[in-house]
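J.: Sequence:
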Amino acid sequence: MTRLAGDSAAFRTVGTLRSARGLLRASLPAAVGEACRLRLPSGAALTAEVVGFDDHESQLMCYDSTAGLRPGLEVMALGRRRSVPIGSALLGRVIDGIGRPVDGKGPLRTLQSRSEEARVPEALNRIRIEEPLTTGQRVIDGLISVGRGQRIGLFAGSGVGKSTLMGEIARGANADVNVIVLVGERGREVKPFIEDCLGDAGMQHSVVVVATSDQTPLMRIKAVLTGVTIAESFRDEGKDVLFFLDSITRLAMAQRELGLLLDEPPGSRGYPPSVQSLMASVLERLGAGSTGTITGLITVLVEGDDMDEPIADAARGILDGHIVLSRKLATSNHFPAVDALESISRVFRDVTDTSHQNNAGKVRRIMATYRDMEDLIQIGAYKTGTSAQVDRAIQLMPAVRVFLQQSVNEVSTWEETQQQLKALGEAWPY
Numbered sequence: 002m003t004r005l006a007g008d009s010a011a012f013r014t015v016g017t018l019r020s021a022r023g024l025l026r027a028s029l030p031a032a033v034g035e036a037c038r039l040r041l042p043s044g045a046a047l048t049a050e051v052v053g054f055d056d057h058e059s060q061l062m063c064y065d066s067t068a069g070l071r072p073g074l075e076v077m078a079l080g081r082r083r084s085v086p087i088g089s090a091l092l093g094r095v096i097d098g099i100g101r102p103v104d105g106k107g108p109l110r111t112l113q114s115r116s117e118e119a120r121v122p123e124a125l126n127r128i129r130i131e132e133p134l135t136t137g138q139r140v141i142d143g144l145i146s147v148g149r150g151q152r153i154g155l156f157a158g159s160g161v162g163k164s165t166l167m168g169e170i171a172r173g174a175n176a177d178v179n180v181i182v183l184v185g186e187r188g189r190e191v192k193p194f195i196e197d198c199l200g201d202a203g204m205q206h207s208v209v210v211v212a213t214s215d216q217t218p219l220m221r222i223k224a225v226l227t228g229v230t231i232a233e234s235f236r237d238e239g240k241d242v243l244f245f246l247d248s249i250t251r252l253a254m255a256q257r258e259l260g261l262l263l264d265e266p267p268g269s270r271g272y273p274p275s276v277q278s279l280m281a282s283v284l285e286r287l288g289a290g291s292t293g294t295i296t297g298l299i300t301v302l303v304e305g306d307d308m309d310e311p312i313a314d315a316a317r318g319i320l321d322g323h324i325v326l327s328r329k330l331a332t333s334n335h336f337p338a339v340d341a342l343e344s345i346s347r348v349f350r351d352v353t354d355t356s357h358q359n360n361a362g363k364v365r366r367i368m369a370t371y372r373d374m375e376d377l378i379q380i381g382a383y384k385t386g387t388s389a390q391v392d393r394a395i396q397l398m399p400a401v402r403v404f405l406q407q408s409v410n411e412v413s414t415w416e417e418t419q420q421q422l423k424a425l426g427e428a429w430p431y
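Note that our numbering has the sequence shown beginning at 2, numbered continuously upward.
Derived by calculation from the structure, the hints in this document are not laboratory data.
Treat the hints with care, since some could be wrong.
What the hints assert, rightly or not - Derived pair list, reagent style DSBU-like, types lysine-lysine, alpha-carbon separation capped at 30 Å:
# : residue 1 : residue 2
1 : Lys363    : Lys329
2 : Lys423    : Lys329
3 : Lys192    : Lys240
4 : Lys329    : Lys240
5 : Lys363    : Lys423
6 : Lys363    : Lys240
It should be emphasised that the depicted structure is a prediction, and the values quoted were computed from it without experimental measurement.
Could you build the full structure based on these sequences and the hints that come with them?
T.: In structure tokens form, the structure reads like this:
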């Protein structure tokens, strides 16, 4: 291990690569989180990051493929942590997990950057959530109202319209900026999401960060941290930011891979303790600041539609509410497939008035009354006149379904949603 002077007065530490078995091991005393550079025989360079250390060796992981590595390669610690590009030049762009453009539109025209590490806002310094965020979706705005600065989960299995709903909200929400992080996605799904679900209108005020499933666990984790850092920069400018993370389950899987490589003890379903710590630290960075807000829409992939699996259970405990997408509704062509009775917003009463709350409660009672008797109704075993409440619920359910469903590209304003919700509430006398 030697010390070399760089272009500045600072010294850089140089060591050699010892092994590459999952993690890279190098003989240099670098700090955890420090960026390093490996020079290949071809002259190309790979960038890695220190993720741990053991005895006199640092443990590193590359952001990209490790093809071409061999024992004895020079490893240089750069003496700094990674920084993230920020600024309005990012709007309309697609970048990878470490901020490199991947959309073919040329280099980023921004000279600004900030560290990916940020302090979580102090609990007593957080501004209370009191203003609603309009998503343009009646079922959410009417029955599961979201507040600016809230963090709400979108719990869904595969193939129930999650990506479409995300795109609809990105286009219809009254936010200044969208920051969308796609982590662990199949490569073929990224372009259709950007072009079809988000569209040109949505991309104009959006930044998309992508790390596909074939990339290293570190790159997938960095994509999330990059997205959060960009969202924080816009919040600090006084903007209302809508932050999408699809999905926190894939973030947890990436951290599981990294944690097991670092010999962390596995817990439930193999998830080490660092997974929940990372989830909490990422989600707690969202919320309201002194001037702007970050509203988080966090998707949670529910394995086998099991709402009690470890990541879903942990996410519910951290988030400020959950929106559940139902496979049963999706298969019956009911979109968005939001199960309003299983969904809840913990700031609902803080961002709505008494009239809204009463009307939403009545619509929920209509749905609950019908659901309790749905099996009997469907097989023809229920006789009209047995219960006045059930009779009225049967009469009103077609109108309720019209309220709950929306076609693609249909955006409902807050006022339109309130009017329809009021009409349904007034029709329920119980």
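J.: With reference to the structure, classify each hint as holding or not holding.
T.: To see whether the hints hold, each was checked on the structure:
For the proposed pair Lys363 and Lys329, the alpha carbon gap of about 23 Å is at most 30 Å, so the pair holds. Pair hint Lys423 plus Lys329 holds up; C-alpha atoms about 27 Å apart against a cutoff of 30 Å. In summary, the hint linking Lys192 to Lys240 is supported, as the alpha carbons are separated by about 27 Å, within the 30 Å threshold. Proximity of Lys329 to Lys240 is assessed by CA-CA distance (about 38 Å); at most 30 Å being required, the pair is judged violated.
Proximity of Lys363 to Lys423 is assessed by CA-CA distance (about 10 Å); at most 30 Å being required, the pair is judged to hold. For the given pair, Lys363 sits about 35 Å from Lys240 by alpha-carbon distance, which is inconsistent with the 30 Å threshold.
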